[in-house]
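Participant: Residue strings, one per chain:
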Amino acid sequence: MAILANSRQRVRVGSVVRIARYIEGKGTITVSPGQEIGLYDVIGRYQKSAGFTALKLANLLGVSHKSAPKFLQRKIGEKIYKGELLASKKGLFGVKNIPSPADAILEEYNLKTGELRLKYFSKQDSLISGVYGIVEDVDKNIGKIIIKTSGTEVFGIYGCGRERYGILNVLKGEDNLMTKLQITTVMKDQIVVAGAFVHKEAIQKAVGFGIGAIIAGGFGASDFISIVGSLDWNKRVGVEVGVSLLATEGFGPIPIGVDIYPHFQTHQGKYVFINGNSASMLLPSLESDSIISLRKIALPGKGLIEHFQEVLVRSIEVEDKVRIVGSSFTGAQGKVISIDKTATVLPSGVSTYILTVETLRQKIRVPYPNVEIIP
Amino acid sequence: MPRLTGAFDLLKGLEQIPPENITRWLKYKLEPQRVADFVANRTYYPQTVATTKEEMAIDLAILRESLKFNQDKFFNKISKIILIPKSFQNRYTPLTKLIEAFLDGLVLEGVTQIMVEESSAGSTASKKVEVGSVYTFMAKTDIKINLDGKDFILGPNSLTLFPIKQGEKVININQEKFTIIGGKVGFFIDLREKKWLS
Chain A
1 MAILANSRQR VRVGSVVRIA RYIEGKGTIT VSPGQEIGLY DVIGRYQKSA GFTALKLANL
61 LGVSHKSAPK FLQRKIGEKI YKGELLASKK GLFGVKNIPS PADAILEEYN LKTGELRLKY
121 FSKQDSLISG VYGIVEDVDK NIGKIIIKTS GTEVFGIYGC GRERYGILNV LKGEDNLMTK
181 LQITTVMKDQ IVVAGAFVHK EAIQKAVGFG IGAIIAGGFG ASDFISIVGS LDWNKRVGVE
241 VGVSLLATEG FGPIPIGVDI YPHFQTHQGK YVFINGNSAS MLLPSLESDS IISLRKIALP
301 GKGLIEHFQE VLVRSIEVED KVRIVGSSFT GAQGKVISID KTATVLPSGV STYILTVETL
361 RQKIRVPYPN VEIIP
Chain B
1001 MPRLTGAFDL LKGLEQIPPE NITRWLKYKL EPQRVADFVA NRTYYPQTVA TTKEEMAIDL
1061 AILRESLKFN QDKFFNKISK IILIPKSFQN RYTPLTKLIE AFLDGLVLEG VTQIMVEESS
1121 AGSTASKKVE VGSVYTFMAK TDIKINLDGK DFILGPNSLT LFPIKQGEKV ININQEKFTI
1181 IGGKVGFFID LREKKWLS
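From first to last, the protein sequence lines stand for chains A and B. Just so we're aligned, residue 1 is where the first sequence starts under the numbering used here, counting upward by one. Just so we're aligned, residue 1001 is where the second sequence starts under the numbering used here, counting upward by one.
Heads up, a few of these hints could be off.
[As the list claims (entries may be wrong)] Below 30 Å or equal to it, Euclidean Cα-Cα: the simulated DSS-like pairs (lysine-lysine) are:
no.: 1; chain 1: A; residue 1: Lys363; chain 2: B; residue 2: Lys1053
no.: 2; chain 1: A; residue 1: Lys200; chain 2: B; residue 2: Lys1177
no.: 3; chain 1: A; residue 1: Lys341; chain 2: B; residue 2: Lys1097
no.: 4; chain 1: A; residue 1: Lys341; chain 2: B; residue 2: Lys1027
no.: 5; chain 1: A; residue 1: Lys89; chain 2: A; residue 2: Lys56
no.: 6; chain 1: B; residue 1: Lys1080; chain 2: A; residue 2: Lys200
[Unchecked claim] Facing chain A, a subset of chain B residues (Cβ under 8 Å, in silico):
no.: 7; residue: Glu1015
no.: 8; residue: Ile1081
no.: 9; residue: Pro1085
no.: 10; residue: Ser1087
no.: 11; residue: Gln1089
no.: 12; residue: Arg1091
Just so you know, these hints were derived from the structure itself, not from any lab. Note that the Cβ used here is the ideal one computed from N, Cα and C, for glycine as well.
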């Protein structure tokens, strides 16, 4: 008798895909169609707005909100460099000087709060390729570059958030439980592999710190619903919370699978691409030789191709690699070494066929509906 | 894309169930966060089955609470029939506990027939089989029942099963005659207030 299970693709090595890179704001594209590019090649330059800071000017001077502007040494709209005199006030016991904390423009003074807003100078920044690939198309009007590239695709179980890219930062341990203390400013724009679980406070802090994405074995179901609104993909697709999330295993603390984690370790410190909405990632090839095979492969059409995870149904066979998805031993992976010929009544009362699965650490007896095949 | 489904695919609105509503059916303490994760994993892996008694208790509790959002799928108000899908019968065991979960989760009144879908021999089609019935009445005081010449007194807020295995029988409840249907499970008298449904 054939016993069936879902066969879910989790890792696809050697995929050839198209990716889109965008110039942020005003800038120029420095590559053209047909050009071959390397991992660290500059493909565009742009002016990056660096944000602003607010200075409690009235408090610092010890004057009323209304009178503070008259002590400014520069006019609103003027430039000032770090350390230059921003405001000065003579008093009975000397002079109070306030230097500028940064290179900035005096943007506005708020009479209600007594705060002076300083806008940092925008900076020239470069858009790095992040992949070995061939430029297929550029759209200078919207600053878009389409690149044919190759790499390893990783498919999670669920996720949210738009497509993002950044440096992969793999924290120590696939079974790490990430707290807000592990979130630091260094992680800005990074794709962080957190481990088995991420606490809600850590996700909230990650949004504040501008982290690009967080990957974990699982998120708390209540946390996930409170952040993205629903478990239902159709209801949450397009929801943008300021960070992309991707879970590789399920809900609750579950270590990232042994089929996926080593790929993350290999790409530590490298550019990766993540799409929370389709719960997928692209870990670009790190081999410069990949360009040679890319020259020979033509992708259909011109647009981006959505890469969704393939789930098929097939019969379980001895030697199949499986992942446990039931509530005991969730996430464990191993090889089927035997399939019972008769059904067993479990302590729950359910009658079903049992598989013996050999993992790295132990042999597990598991009902066949509680596994998925790893193709 | 084809994929294996399961009982939980038939239940919609699972994420709307507060975890405390599920834990109130359990005999042991379970963190609300763990319950929410359990439900969410069942939503994503609907083919999975309970291995332990504790997991089965959680599955039955989820079923009870989800019936609020899925009443019309399983209960025909006009014909007054509860129809339990085939996929539920090996998924939730034993059958008596499964029926009790339906009686806990559905708003019923008077006599309701209980049927299950079963495979027909030599066919892929399923047939409907009577397994019993239930008389639902919110009693404020004890009620008297006469069945096969024997008298029973049932207290308010009680659920009682009479294992009447087959055929129709006339039962006398508080001097009023009802025709009831037996079956594999039997005849229930449900006098509970079911405050949890309000």
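Participant: A separate judgement is required for each hint: does it hold in the structure or not?
Facilitator: Hints versus structure:
1. A:Lys363 - B:Lys1053: Distance ~22 Å between lysine 363 of chain A and lysine 1053 of chain B Cα, so the pair holds.
2. A:Lys200 - B:Lys1177: violated (59 Å)
3. A:Lys341 - B:Lys1097: Holds: lysine 341 of chain A and lysine 1097 of chain B sit about 28 Å apart, inside 30 Å.
4. A:Lys341 - B:Lys1027: violated (35 Å)
5. A:Lys89 - A:Lys56: holds (15 Å)
6. B:Lys1080 - A:Lys200: violated (46 Å)
7. Glu1015: With a closest approach of 5 Å, the glutamate 1015 of chain B hint holds.
8. Ile1081: violated (25 Å)
9. Pro1085: Result: violated, 16 Å to nearest chain A Cβ.
10. Ser1087: violated (11 Å)
11. Gln1089: violated (10 Å)
12. Arg1091: Hint on arginine 1091 of chain B: holds, closest Cβ of chain A at ~7 Å, below 8 Å.
In the structure shown, a violation is registered for the earlier hints numbered 2, 4, 6, 8, 9, 10, 11, in ascending order.
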